[in-house]
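**Q** Below are the chains, spelled out letter by letter.
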Amino acid sequence: MSSRQQQTSTGIPVEEEARSAREAAGREGRPLTETERAIAGAESVTPQEALARTELAEGQDLDPGSREPMVINLGPQHPSTHGVLRLVTELDGEVVRDIHPVIGYLHTGIEKQCENKTYWQAITLVTRMDYLASFFNIHAYTMSVEKLLDLEVPGRAQYIRVVLSELNRIASHLVWLGTSGLELGAISVFFYTFREREQILDLFEMVAGERMNTRFFQVGGCADDLPSGFEARLRDLLARMPDRIDEYEELLSANPIWLERTKGVGVLPADELLGLGVTGPPLRAAGVDFDLRKAAPYSGYEHFDFDVVAGSQGDAYDRYTVRLGEMRESLKIIEQALDGMPEDSHIADDRKVVLPPREELATSMEALIHHFKLVTEGFTVPEGEAYCAVESPRGELGCYLVSDGTPKPRRCHVRDPSFVNLQALRPMAQSAYLADMIVMIGSLDNVMGGVDR
Amino acid sequence: MNPGSEPFLVILIKAVIVVFVLVTAFAYTLLWERKLIGRAQGRYGPNRTGVLGYMQPLADVVKLIFKEDFVPRGANRVLFQLAPLISVFAAVAAVAVIPFGTVVTVFGEEVQLVGADLNVGVLFLFALSGIGFYGLILGGWASGNKYSLLGSARTAAQLVSYEVAMGLSVIGVVMISQSLSLVEIVDAQRETVWFILYQPLGFLIFVIAAVAETNRAPFDLPEAESELVAGYHTEYGGLKFAMFFLAEYVNMLIISALAATLFLGGFAGPFADGVWWLAVKIIVLLFLFIWLRATLPRLRYDQLMQFGWKVLLPLATLNLVISAIVIGLAFQN
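Those protein sequences? They're chains A and B, same order as listed. Letter by letter, the first sequence follows residues 1 to 453 of my numbering. Letter by letter, the second sequence follows residues 1 to 333 of my numbering.
Pulled out of the complex, with its shape left as it was, chain A reads as follows (with noise of 0.2 Å):
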């Protein structure tokens, strides 16, 4: 593609950048500009010093284009960057001429700490990566170390993990879009999502025991069946959903400042994005209709009949429709799972690999001595590599993994959507408005959790 993929960069090429500026600066005797004094951590100038220096240049041919930018550091602590990026920022003005991203500061080293837990330990620390789709995250680990080990999942659990996978996903549309409405302004359509995301939460505390971080799906299905009237609360809250859907359409879809602020705003071409390896919503509402549940199903998803949400212009407006669009269909998906939901157990029926019912512990030798196993050393894993892939609410969340044989990974790799889309971030933010690279990281959807990992 074109040179301006080249530029685009995340994290790591960031201090590349800075520190061939460096270089540079000192094969030229020069000292550093603002910007590379920003990236490199150097403290910043204020406007006072800045002015100073414009008017020491005052004297010189100063051409207008050529003006030094002024440089802010959005972040790791602003209102507006979804957690801890941090953007150094070339302004113009209003204009952004260049943005630089620096992540990491939320690393949490969980890919490395992997390979220090068995298999079923580094479930508890997957579900922390992006921590608002934690059921996506145990998904594909708990789907690559199936397939490693050849293990058949139950329909009932592969149907189980299919409602709640879909509910988180609402759950994750819904903190979506309360934030970007906060961040334009709109600040009362942040708390009447949370309201519903509070619904849903309890849903996960009723199944799981814990709200946020579920680790609920285990090696070969789930971890307990789905208890009485969770049934019953969610087809209450399943009925009540499409009108909370349609009142928060009321307030945006027909309000002139909400489309003036997200129409034609973060355009990139879908084969720009394709490049860029972009997935998930950005990528469907510019029309490019790729969803790993159509494309490549896996957990019973192809037992269901819903659509793939696709826009056409590929605008941040697009991508508030296709998330919305997301959301009924995800109710729909969910409503079938319930209806058809099978009959046989919730996990496997391996005892090497899942822990025994509780109840036969106290009758039973041989389910004692599998249990003691299981939780002081864990099951062996048969040599070998695997990728699996889930549709997150943020794109194609993929866990790559290398067995040695042993009962720990040797590497657990995650292709998180996050780290991924944000690369789109800066061929969409050069020469927009900052209002509207706001706009943009929002209609991006990261997270930082899942970027840094």
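Honestly, the hints are just simulated from the structure, not real lab data. Predicted, not measured: the structure shown is a model, and the values here were computed from it. Even glycine gets a Cβ: it sits at the ideal position worked out from N, Cα and C.
If you anchor each label on the Cβ, the simulated ranges turn out as follows:
{"id": "1", "chain 1": "A", "residue 1": "R211", "chain 2": "B", "residue 2": "V23", "range": "42 to 48 Å"}
{"id": "2", "chain 1": "A", "residue 1": "Q113", "chain 2": "B", "residue 2": "D302", "range": "44 to 50 Å"}
{"id": "3", "chain 1": "B", "residue 1": "T49", "chain 2": "A", "residue 2": "A25", "range": "53 to 59 Å"}
{"id": "4", "chain 1": "A", "residue 1": "D236", "chain 2": "B", "residue 2": "T49", "range": "35 to 41 Å"}
{"id": "5", "chain 1": "B", "residue 1": "K67", "chain 2": "A", "residue 2": "D305", "range": "57 to 63 Å"}
{"id": "6", "chain 1": "A", "residue 1": "T108", "chain 2": "B", "residue 2": "G42", "range": "31 to 37 Å"}
{"id": "7", "chain 1": "B", "residue 1": "G42", "chain 2": "A", "residue 2": "D92", "range": "37 to 43 Å"}
{"id": "8", "chain 1": "B", "residue 1": "V326", "chain 2": "A", "residue 2": "S253", "range": "39 to 45 Å"}
{"id": "9", "chain 1": "A", "residue 1": "G264", "chain 2": "B", "residue 2": "V104", "range": "58 to 64 Å"}
Once you have looked at the hints, place chain B on chain A.
**A** Okay, now just chain B, sitting in the frame of chain A:
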């Protein structure tokens, strides 16, 4: 009445009472805003401090007063300290020309219920609002922070764009009442009808420009927290921040009072004239301000400018020309 005709003591007492009422009104405007927005968002708003939360403003003020008085490194110390004072001064001084009622007799002394009946009242208000913006601009500039600087730049641009439209929308009223004195404008409305009936477009333009002048949503770009952290007052804290806050809300009150005075008859009303009518009108307008904030997203900088120069200003000019022609014809007959 000649402004010099009242004893100094009367003027002083009036000033003290008016400023006291104004500052109290500021505190409760803030509380009502939080309560109303809370209701709009399906929550309660502050309701823990005192009865139903009505001591919340006191708690807030006490908290802000006891905070550290901080001047950031790189700031211009003098201007940084001066800026909030300028804003508060301009905001509070503006209340002097708003009439609250007619002449009353207190202890045998004839007292006119207005701080000062200036014969250029409207111009005085515009001048003060212009000075008030200096506080915001200087504050942002003196902070030595780039977000503050951008906030100030936006403030300056916004002020220029919307003050023009606002001024033009008021001229219609001035032409009808043949006076710049707010007292005489109210008197003219008491004799005829509220000027909103003559100047509906003027009123609309005035209210929109008023929202922009007071930096309120959807025109709250100077302090757009998603882009500029907090705009011009990013570096301010404690009492100095409280002063900016006071200035913003007092401006809101004043501009509502001005809208009520110019277009809605001021303290005049059905049954009996009095300050309560003015209060009711101000509360209705404040409710509008708060409602807008709870509902609308924020405009973008260039959209704000386009709206100001390409929509509001031509409309205001059109309104002015039509008013002038109609009034001219009416006086001919």
